[in-house]
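Anchor point for the sequence shown: position 91 equals 91 in the working numbering, and the numbering is continuous, going up by one each time.
It is possible that some hints are incorrect.
Below, simulated DSSO-like cross-link-like pairs (lysine-lysine); rule was C-alpha separation at most 30 Å, straight line [claimed, not checked]:
{"id": "1", "residue 1": "LYS100", "residue 2": "LYS30"}
{"id": "2", "residue 1": "LYS58", "residue 2": "LYS112"}
{"id": "3", "residue 1": "LYS78", "residue 2": "LYS100"}
{"id": "4", "residue 1": "LYS100", "residue 2": "LYS155"}
{"id": "5", "residue 1": "LYS78", "residue 2": "LYS38"}
{"id": "6", "residue 1": "LYS100", "residue 2": "LYS58"}
{"id": "7", "residue 1": "LYS112", "residue 2": "LYS30"}
{"id": "8", "residue 1": "LYS38", "residue 2": "LYS112"}
{"id": "9", "residue 1": "LYS100", "residue 2": "LYS38"}
{"id": "10", "residue 1": "LYS58", "residue 2": "LYS78"}
{"id": "11", "residue 1": "LYS30", "residue 2": "LYS58"}
{"id": "12", "residue 1": "LYS112", "residue 2": "LYS100"}
{"id": "13", "residue 1": "LYS155", "residue 2": "LYS58"}
{"id": "14", "residue 1": "LYS78", "residue 2": "LYS30"}
Worth flagging that the hints you see were computed from the coordinates, not collected in a lab.
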Amino acid sequence: MNDTRTSAESTGAADQKHDGFTDEERSAMKERAQELRKTARRSPRAAKADAESEVLAKIAAMPEADRVLAQRIHDIVKASAPDLSPKLWYGMPAYARNGKVVCFFQGAQKFKTRYATLGFSDQADLDEGTMWPTAYALTELTPADEARIGALIGKAAG
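Input sequences plus hints: build the corresponding full structure.
Structure representation (structure tokens):
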């Protein structure tokens with residue numbers, strides 16, 4: 001009796017190409033590289049004004065559902081934590097303290113998901129015990145949601 005084994009090639013597994021990143025992820029990484037190059041060329045004084053206008057332009061270019069949420073998040077962050085600086089981060093609106101991202105908005109269309117996300121980095125002061133959420137799914141914002149987000153942003157900013 002011969003021991004016959006099937007190779008990966010004959011099962012079709014080798015025909016499936018997987019290089020680890022989706023097209024959307026590669027696009028986000030390219031956007032981040034461009035952001036870093038732009039930041040390196042700017043003076044610190046010009047960087048703050050340019051960064052906010054870039055964030056607002058990115059929000060304006062979003063599909064309507066994402067744009068409405070992103071603009072509202074932007075307004076909430078500005079009101080709840082005026083010391084956080086808007087900036088682009090992987091092509092997404094983000095808000096930073098001392099150059100380090102504290103929170104960010106990721107539109108649903110960015111990675112073709114069913115909901116937008118409000119995320120927090122490890123720089124956010126949201127620690128509660130040994131476990132706490134670092135991202136929230138958003139489909140729309142009610143006044144109660146906006147109040148909760150304002151409180152979260154205020155706490156995250158310290």
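Outcome of the hint check:
| no. | hint | verdict |
| --- | --- | --- |
| 1 | LYS100 to LYS30 | 19 Å, holds |
| 2 | LYS58 to LYS112 | 17 Å, holds |
| 3 | LYS78 to LYS100 | 16 Å, holds |
| 4 | LYS100 to LYS155 | 16 Å, holds |
| 5 | LYS78 to LYS38 | 23 Å, holds |
| 6 | LYS100 to LYS58 | 19 Å, holds |
| 7 | LYS112 to LYS30 | 18 Å, holds |
| 8 | LYS38 to LYS112 | 27 Å, holds |
| 9 | LYS100 to LYS38 | 16 Å, holds |
| 10 | LYS58 to LYS78 | 16 Å, holds |
| 11 | LYS30 to LYS58 | 15 Å, holds |
| 12 | LYS112 to LYS100 | 26 Å, holds |
| 13 | LYS155 to LYS58 | 26 Å, holds |
| 14 | LYS78 to LYS30 | 27 Å, holds |
Hint violations for this structure: none, all hints satisfied.
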